[in-house]
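Asker: Residues per chain are reported as follows:
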Amino acid sequence: MDTSSGGGHKKGPGVKKGKKLSTRVDLTPMVDLGFLLLTFFVFTTTMSQSTAMNMNEPKDDPNQQMKVKNSGAMTILLGKGNQVYYYYGQLMPETISQDFKSTNFAGIRALILEKKKSTPIDDLMYIIKSDEKSTFKNAIDILDEMTISAVPPGHYAEVDMVDVEKMLISETEKANGIQ
Amino acid sequence: MPKVKIPRKSTSVDMTAMCDVAFLLLTFFILATKQKPPEVLAVKTPTSVSSKVAPDKAILITLTKEGKVFLMLGDDTKKNAIIDDFNTTRNLQLTPAELKKLKNTEFIGLPVNKLKSALNATTEISPTLMDGIPTDSLNNELAFWMRSVSNAYKGEDQRTLQDMILVKGDGEALYPIFKGIKSALKANEIFKFRIVTEGEAVPMGSELYKTAIIEKK
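Residue numbers (our numbering), protein chains in the order written: chain A, 1 to 179; chain B, 180 to 396.
Okay, chain A solo, but in the shape it has when bound:
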């Protein structure tokens, strides 16, 4: 681009009239500012779209108690402090201390997948129980884990906790330090 310089002409020495200063403004910072604001608006408006997660609640029919095979059942309990406890099948009083295990959300995914792979689909059932001190986020995260591991709906259910489990959780919490 052939731009003529807008620079001032140098007059001879001794002339009282000052140098004619350039009238051209360098617009580069203006362009930078413009793109910065643009990027800000692009990111703050279109990117914040909330998604919706489907929830399917089963009908609470006391006459229709679901029969679950011990071999296919995995009970996942959610406690406070983002702790996750689990056991397979039923809790037997003799082996209770070994059966009741604890983990966290990072570990539960592998366990869910392992159980899913080793069980025929008809027997598979995840029983999810939430403690009073567990958070809404815990409940949503575990349902999300079901979706991530592609567990078909109908093979997991949310149920109330029984006293034995509540006691086990508080014992484990005490043993591991208050979380």
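No lab work stands behind these hints, which were simulated from the structure alone. It should be emphasised that the depicted structure is a prediction, and the values quoted were computed from it without experimental measurement. There could be a bad hint or two in this list.
Just a sample of chain B residues kept apart from chain A, beta carbon distances all over 10 Å, derived [stated by the list, open to error]:
#1 K182
#2 K184
#3 K236
#4 G253
#5 K280
#6 K295
#7 T301
#8 N319
#9 R326
#10 T339
Okay, the calculated bits of chain A under chain B, using three or more residues with CB under 8 Å as the criterion [to be verified]:
#11 34 to 42
#12 146 to 154
Cβ atoms here follow ideal geometry from the backbone N, Cα and C, with glycine treated the same way.
Here the structure of chain A is known, so what remains is to put chain B in place on it, guided by the hints.
Answerer: Then chain B, alone, in the frame of chain A:
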């Protein structure tokens, strides 16, 4: 050696055009995208891998961090019918002026016994001071609100109603309140509803990821 004089041209570029383009794009984005007004009730929702977009207008049950439940009836829902029905079934005996004021409020967050006095108060009560709708098993008022909602939508395709019901909860809210919300919905035969979450990328290598890849192929 012949002296070839390369004519020196100025290398400075005129930035005016670039600047115009930048501001045009900026104006477009400001005007075309809707700015979400700052939420009155700040709720930080948990994340999920769901990719379905949450609808804008809906019946929204908000659960705050402190465990308070608020109900927002969107403009496209049968807001007036729902509030009228609630007034008659719960025998609130609200005057037409109070009813009108209630229909104009953005959200409902008070137990029934405080509702009448709050509507007559001259100053607006801020949501942080509101008690929230009770959801405990002894007095699940949310169940009564939901009964009015299902009454208003009686005779219609229940799926439209189910598509409208959204639960937006703060991640740190405790589980028992969420259980109260679920039982309020179950008591009214609403078994399918949606939870508003933040988007989360599907974890790589997981089953869902693999099925998504297979579907794409």
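Asker: Does each hint fit the structure? Answer for all of them.
Answerer: Results for each hint:
With a closest Cβ-Cβ approach of about 22 Å to chain A, B:K182 is found to remain outside the 10 Å limit, as its non-interface label requires. At the 10 Å boundary, the C-beta of B:K184 stays outside the reach of chain A, the nearest C-beta of that chain being 16 Å off. The non-interface label for B:K236 is consistent with chain A: the shortest C-beta to C-beta separation is roughly 13 Å, beyond 10 Å. Chain A leaves B:G253 outside its interface by the beta-carbon criterion, the shortest separation being 14 Å against a cut-off of 10 Å.
No beta-carbon of chain A is positioned within 10 Å of the beta-carbon of B:K280; the least distance is around 30 Å. Even its closest Cβ contact with chain A, about 31 Å, leaves B:K295 beyond 10 Å, as expected for a residue assigned away from the interface. Look at B:T301: its CB is around 35 Å from the nearest CB on chain A, clear of 10 Å, so calling it non-interface holds up. Taking the minimum C-beta to C-beta distance to chain A, about 14 Å, the non-interface status of B:N319 holds against the 10 Å cut.
The beta carbon of B:R326 is kept farther than 10 Å from every beta carbon of chain A, the shortest such distance being approximately 17 Å. Every C-beta of chain A lies more than 10 Å from that of B:T339, the closest at about 15 Å, which supports listing it as non-interface. Beta-carbon proximity to chain B at under 8 Å applies to 6 residues in the stretch 34 to 42 of chain A; the threshold of 3 is reached and the given coverage holds. Figure legend: the stretch 146 to 154 of chain A, annotated as covered by chain B; annotation consistent (4 residues with Cβ-Cβ distances under 8 Å, at least 3 required).
In summary, this structure violates none of the numbered hints.
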